[in-house]
Structure formats: structure tokens, C-alpha cells
Amino acid sequence: MKKWIAVLAVLLTVSASAYAAEEKAKEEAKCFPVYTDAKSPDNHFIPSGWMGDFGDLSMDDKYMGEPHAGSTAIKFVYTAKKTQNQGWAGVYWQNPANNWGSKKGGFDLTGLNKLTFWVRGEKGGEIIDKFSVGGIKGTYPDTTEVSIGPIELTTTWTPYTINLAGKDLSYINGALCWVANADSNPNGATFYIDDIRFEYDPALKPAGKKTQDMPFYIYADKGAIQNHFIPSGWMGDYSDMKIDVGAADNPYFGKSSIKITYANKASNGARWAGMYWQYPANNWGGADGGFDLSKATKLTFWARGEKGGERIEEFKVGGIMGEYSDSDTAGIGPVVLDKEWKQYTIDLTGKDLSYIIGGFAWATNLDVNPDGAVFYLDEIKYE
Amino acid sequence: MSNTEHREQSTEYRKRGGRNKLFPVLCTLLSVLCLCGMAPKASGKKKVFIKTLKNGHYQLTVAGKPFIVKGVCYNPIPVGKSHDYDFWADPSQPWMTDGELMKKMGINAVRFYQAGEDIEGMRRVISDLYKKFGIRTMMGHWLGFWNYPAPFYDDEDFRKKVKADVLAMVEALKDEEGILFWVLGNENNYSFSGKINPWSSERIDKMQDPRQCLLARAETYYTLVNEIAREIHRIDPNHPVVMGNGELICLDVANEFAKDVDIVGCIIYRGKTFGNIFKSLKNTFNKPLLLVEFGADAYHAYDKKEDEDMQALFLLDQWKEIYRHVAGNANGEGNCLGGVMFEWTDEWWKHNEWDAAGWSRHDTESNWSNGAYYFDIKAERNMNMNEEWFGLVKIAPEEDGALAQDAGVLRSNQRVPRKAYYVIREFWKHPSKTSSIKVSERPGPGGKQESNAGAKSPGTPFQRHT
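As given, the protein sequences belong to chains A and B, one line each in that order.
Using this note's numbering, you'd call the opening residue of the first sequence number 12 and step up by one each time.
Using this note's numbering, you'd call the opening residue of the second sequence number 438 and step up by one each time.
Rather than coming from a laboratory, the hints here were simulated on the basis of the structure.
Glycine included, every Cβ here is placed at the ideal spot set by N, Cα and C.
Careful: at least some of the hints might be erroneous.
Unchecked claim - Listed below are the simulated BS3-like cross-link pairs for lysine-lysine, each with C-alpha atoms no more than 30 angstroms apart in a straight line:
1) B:K632 / B:K696
2) B:K742 / A:K353
3) B:K632 / A:K221
4) B:K742 / A:K115
Said to hold, decoys possible - Computed Cβ-Cβ distance ranges for the label pairs, DEER-style:
5) A:T360 / B:A609: 52 to 62 angstroms
6) B:P635 / A:T165: 26 to 36 angstroms
7) A:D378 / B:D523: 53 to 63 angstroms
8) B:R761 / A:D378: 32 to 42 angstroms
9) A:G319 / B:D523: 49 to 59 angstroms
10) A:P226 / B:D523: 58 to 68 angstroms
11) A:V379 / B:E639: 13 to 23 angstroms
12) B:E639 / A:D382: 19 to 29 angstroms
13) B:R761 / A:K306: 40 to 50 angstroms
14) A:R282 / B:K598: 30 to 40 angstroms
15) B:D523 / A:V379: 51 to 61 angstroms
16) A:V379 / B:N584: 20 to 30 angstroms
Work the whole structure out from these sequences, hints included.
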């Protein structure tokens, strides 16, 4: 009898140990580090994908001054000098290093549902346009892309979460990326990131599209954190256009307005030109990035011409159609601009604004502006 | 008076039990005519009208039954000929081959853009399509839009001429059993801003403000459409009038000046979805909607090869959305009467109508750009729409022996259905189910990783380029 009890005890002990090990393994499986400390064997991705004005970037991935946890954090310095003339910069964590989708190096992170990380700014006030998971294309594309931002940093370590619940994480090569621009950070930005990891949270629900509160600015001032959408959709004779989002000469309100210069060269052979403010940048309907602006009943903006008489054929919202399409469109025009500031309104009554990628756009042509056109925009907002 | 209103007023009249003093005289006259075998045929069965259901949905009724338009634009120009070819008189009678194929697919209506010169020839085609294949005809009229010089809609003589021309067509064809609708215009509203066929007048130009000029042109055009619609109702109360409008542009003006049209016919090229058009129309011009022209081409401008899957995928999504918004579907707006795909066959003359040599060549150079057709939008200069490749059926190439030299005309009646033909056929059989024919979802063309912000690249223009 004693013999049987002893055997049972041993079996129970072994089972308990096995159970504990399995649970531990499960716990470990519910966490997948991107970066914990410099040279940690737990790190799975490399911050190798430098984008935009990469000459403006420097990085220390074993920075030892006040890490959030462990012994090191990653320090980024962005000088905003526009070395490559891009006006923005960013970094992707990839596997293997410099993998823009040409190699099958991504991980299957199915079962995890969020990415968490800690960030602090050197001075506070640094603005990061977005933090993203996924989004690398190529032969082996990431299976999802989710972003948060813009975010204004403080000098204290702050945790951020990217909700990945319900997303397809079966192949992730671009674990995290950040993007900042020179307009929002005219004096550059120094900031620190630490303890980046994918995790599982059983209570986390898939994020629905948040209905944005009004007013919802497209442009308030150069670099203002309340700005949304990016003037990235250059159309027609794009070589003939210049845009200065920080024109300080006679803004309607605040410190700056947007100055648009359209030269009469027809350099690309189109004889017309226009621009979309998009989200994310360059999104012609290929990325799932629309805002829910259902609360808006109108879009207002102020405009003036350099000389007066400049004719804009159309100002509009929405209308981008692609794999992901704007849910509606509305516009006004033609409009002949005055030399003085004048407010214009696009009526959005009855429109479906539940998904808007193309927040604002204008278009005109050389037939009605034979000498080209210089005009200004300010205070563009949904209300 | 619109067809809808006409019917409503008739109903109201019946409800009141209304009769006038001439009623006994009319009864006597009718009896005499009957005895002489001259009584007018009962028109109830062939009458086409729109019923407004209790829930506010619009339902098309044809011969006493609900009718969803499963239509296709029909312009059977043979290889080697251009738009001015009189297909109504084509001795090879392509409509016989096409009608049979259409019937097998489930198409119940064709749309012609413009009447021909030969009334008897037109009657024969309309009659053949209806009597042999059960396919009804939507007869269109350009309203002088492609006249040279520009269409002067603000000129009284021009208006009279256009009106007379349309009414002569209606008078000549209204008793054809196969007639379903009259379709007035096709994207004529794009001329208000001068994008296509610009026109104006001294009266309008005096306004100077371009927005006011645009609105004045819209008012001028829509009042003409309204006058014609009203006249058509007078001489033919049996067939509704459709107004062919590009997108929803300026329909708020039409709401004020074209109240007598029965149906808004929209020409829409928005890729896989029509977006908010069904709801939007209710807010701007609350009339039944017929998508009189939509579709997708079957040429992949980036891969530079025919792509039947791509076309089938777009068309299937478009038809699913149309069915979601027809009367009786609680999940939709209930204001859609159906759709008319562009188009039945490829047309080989379209890339460059002035190059006669090109009429015998299936051109692959794109004519316009549209980012909503996103599979091939990364083609050079974003030019991805191939005007000669919109057919549900293609014309067999010459080496297949389908073409024959006949009186100096290269002709082919041999049709090769594309994948979309079968996919839509299956969808129509079971609209509530997903088609059993698989259409592969494929990513667009791959490419080098692009930047995430601020890159300067040519984009997609607002409107369809024609």
C-alpha cells in the first residue's frame, strides 16, 4: 500500500511540474519581445528600416541613462534638417535587418493581441506622427497595418498600446515603426523607447473606428498636433506645384497658413493640378486608414489669392476610391478667390462620412489660370 | 407629369369613383369599336410604371410584375468599323447571336445610346430581341450632346430641334412591345463645368461668376430635359423617362428643374462599390435610381494582359450592391431599379476613333485613369482604364476564323463570353448566395517599399477622363 502511495505521490509531483512548465510556457508564449535591453537574446527585431530623411537620424540602442526597465533603452535623435529633402523621417523594426519584404523573416504572432511600449521625450513636446505595427509590403508583406498617433511626448516614461485584437498577425516583419516630421518638430526631436513587446490581453476587444469629435482640424497651424491628414496626394502637373505649410505672411489665424504655388509650365503634360490631404500619406485607397467623421455637418476653410482672381475648379472632401474607399464625397466650385481672406463652406448634410481617407482636396487647371496661381489656405476643419 | 405621378393620380381618380359626363358616350364609342374589331388593345400588360411601396421603396413594374433591370449597354460595332456604323442594318444581324447569349445569361434589357436613321430596321431589332429572347429595350438619345459645334442648350432653335428629334423617335417606337424606357442624355451634365463639350451663351457669360455660370447651364439643360419628359408622357404614358446623368453632379439643380423625369439614370465608375450614392440621391433628388452605365474593363494595364478575373470581381461586387438596394431589401435604401453594365461586346474602334487603321486593332493603350479600379492603377502614369476591353463577351480574333470579309467590312458575330458572363449569370440565379464561381482576390502589383509620408507622386484625377 505504501508503495502505491509513494508511486502516486511521485506521479502527482511530476504532473504538477509538467503543468507548471506548460503554464509558464503559455505565459511566455503570450509575450513576444521586440526590445527589452541591448543585446538581449529576447530581442526579435532590429531597428534597421530608416526612412525619409535618414541622414537626420542617429540612434543609440544601448543608452543607459534612465531606462524604463532593465539596463538600457533606445535613444533616437531626429535633427529635422531635411538632409534628403523629405521633411520627415522614421524607423522600422524588422527581421532580419533591412528586410523590406524581400525575405521571409517575419513571425507568426497569432494569439497575441496588442503591442506595448514605453516612450519619453528629452524636453517634452516632441510630436510623433504615428506608431505602427506592420505595413511593410513587398514579396512577403505584413498581414496587417495598425497605427496610433499623432502623439505629443512628455519627459516621463509613458506606456502606449497598439490594439491588435481581431487583426491577422500571421506574418509580421515590421514589428513597430515611428514617423515624425520636420514641420511638427522644427528644432528636431530627441526621445527614448523601451520595453517593446507583443502581448495577449484576454479582456481586449477589437477596436472599432472611433467617431471623431468636432471640430476636427485638417490644418490649424504649421506642426500643430491637432492637424490631421497629410497633403501627400499630388495630382496632374505635380512638378509645377509647391506647398509651404508654414507661410508666415498674413495668415488668417495663428502663426501660419498654407501657401500653394502652381506654375504654368504643364511639366507633366496634364495642364491641370491638384492635391489631396490623405491619411495615411499617399493613401489612394490602398490602406485602411479612414477617419470616422460622422459628426461633421460641414467643412469650412479660409482662402485667398495672391493677386485675386485665381480660379479653383473644385474644393472637395472624400472621393478617393480604391480597395478602401471614402464613404462619400462633396465639394464646391468653381471658386474665384479674392485677394482678401474669405471663408468657404462645403455642406456635408446627409453625407456618409463614416470613412474618410481624402480629408480635403483642391484642383484647378491652366485653361482658367493661364499664368498659374498662388493662393493660401488656412483653418481647414470639419465642424 | 411624371409616370409615377400619373399612376398615383389615376389611382386617386379610381378611389374617388370619378367619372365625367362623357363616360356614357365613351362607353358607346368603345362598344362600336369593339364590334368593328378596332378597339385599342388592353395596355395593362405592357405598361411600365414605378410603384411606390408602403415602406417608401421604389419598385419597377412591367406587365404587372416586379422587374429588376438586369441590363447591358449594347453597341455591336464590328471590328474594322467605327461609331458611325449603322448596326441596325447589319446584314449579319448580330443581335440574333447576342440575344440568345444574353437570354442564357439572364439579361432582360439592353440600352441603346441613340436611335438610327432606319425606323423599320430599329423596329426589327427591338422586336427580335423582345419576341425571340424576351429582352426589352431602353432607347436613348444623346440630346445633341455630340453635335458639332457644341450643343447650344441655351439656343431656342437648338432646343426645338432636339425636342422634335426625340419626340419623333418616341412616336415611331412607342408601340413596340419591347420598349422599356426612354433614356435622355448621357453624362451631358459634365458640360456644365466645361469638362466635356463646353457650351455657353451670351446670357450665361454675362454672369461672370463661374459657379453661377455653371448653375445657369445646369438649369438650362435640365429644363430642356424636363420639357421633353413632359412631352413624352403626353404622347406615351406607358414608358417611363430616364435621365442619364454623370455621377450625382448637379442633381440638386435637377431636383428643382427636372421634376418630370421618372428615373435618375446614373453613370458611375467607382470600382467595387457605388459608395453612398443610394442614400445621397434621396437627399438631393428623391427619384428611383437606375445605374444606366457601370462596369469594369478586362485588361490589366500594369501586367499588360487580359484579366477576366479582375473584371468579374468588380462586376460581382457591383451587382451585390445593386441587389442590396432594390425594393424589398430591408438592409438597403430600396430606391434602385437595377443596373445596366457597360457593355456587351468589346468595341475595337474606341481608343482612337480618328485612326481608321486602329478600328481593326484591339488597342491596349489606356484612355483614362481611375484609382477605384485598383488592381492596375500602378500602370504607367496611372493610366489603367482600357476603353476597348469592357465587353462581357469579346470578339473572336481573326486567326480563329471568326472574321469574314463581306462587302469591304470586317465582321464577326462570333462571341466569346468572358468570366464575368458566367459569374454574373450565377449570381442572378441565386442573388442571395455568393456565386459558386470563384473569383480570385489578388493583391495589386508588388513593388519596392515606399515611404510613409510626404512622397511626391502622381495621383488619381477626380473624374473619369473621356
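Margin query: Quick check on a hinted range of 49 to 59 angstroms for G319 (chain A) and D523 (chain B), using CB atoms only.
Written below: At 54 angstroms between Cβs, range holds.
Check: Holds or violated: 58 to 68 angstroms for the Cβ distance of P226 (chain A) and D523 (chain B)?
Finding: Between P226 (chain A) and D523 (chain B), where Cβ atoms are some 60 angstroms apart, the hint holds.
Next item on the list: For the range 26 to 36 angstroms, tell me whether the beta carbons of P635 (chain B) and T165 (chain A) fit it or not.
Entry: 57 angstroms, violated
Note to self: Quick check: does the Cβ-Cβ distance between D523 (chain B) and V379 (chain A) fall within 51 to 61 angstroms?
What the structure shows: 40 angstroms, violated
Note to self: Given the hint of 40 to 50 angstroms, is the C-beta distance from R761 (chain B) to K306 (chain A) inside that range or not?
What the structure shows: 26 angstroms, violated
Notebook entry, point to check: If you draw a straight line from the CA of K632 (chain B) to the CA of K221 (chain A), is it 30 angstroms or shorter?
Noted result: 38 angstroms, violated
Margin query: Check the hint pairing K742 (chain B) with K115 (chain A) against an upper bound of 30 angstroms on the C-alpha distance.
Written below: 29 angstroms, holds
Check: So does E639 (chain B) sit 19 to 29 angstroms from D382 (chain A), Cβ to Cβ?
Finding: Given range 19 to 29 angstroms: holds, Cβ gap about 26 angstroms.
Notebook entry, point to check: Cβ-Cβ distance between R282 (chain A) and K598 (chain B): within 30 to 40 angstroms?
Noted result: 34 angstroms, holds
Notebook entry, point to check: For the pair R761 (chain B) and D378 (chain A), does the Cβ-Cβ distance stay inside 32 to 42 angstroms?
Noted result: 40 angstroms, holds
Check: Regarding V379 (chain A) and N584 (chain B), is the given constraint of 20 to 30 angstroms on their beta-carbon distance met?
Finding: 24 angstroms, holds
Note to self: Given the hint of 52 to 62 angstroms, is the C-beta distance from T360 (chain A) to A609 (chain B) inside that range or not?
What the structure shows: 44 angstroms, violated
The structure fails to meet hints 2, 3, 5, 6, 7, 13, 15 from the earlier list, while all remaining hints are met.
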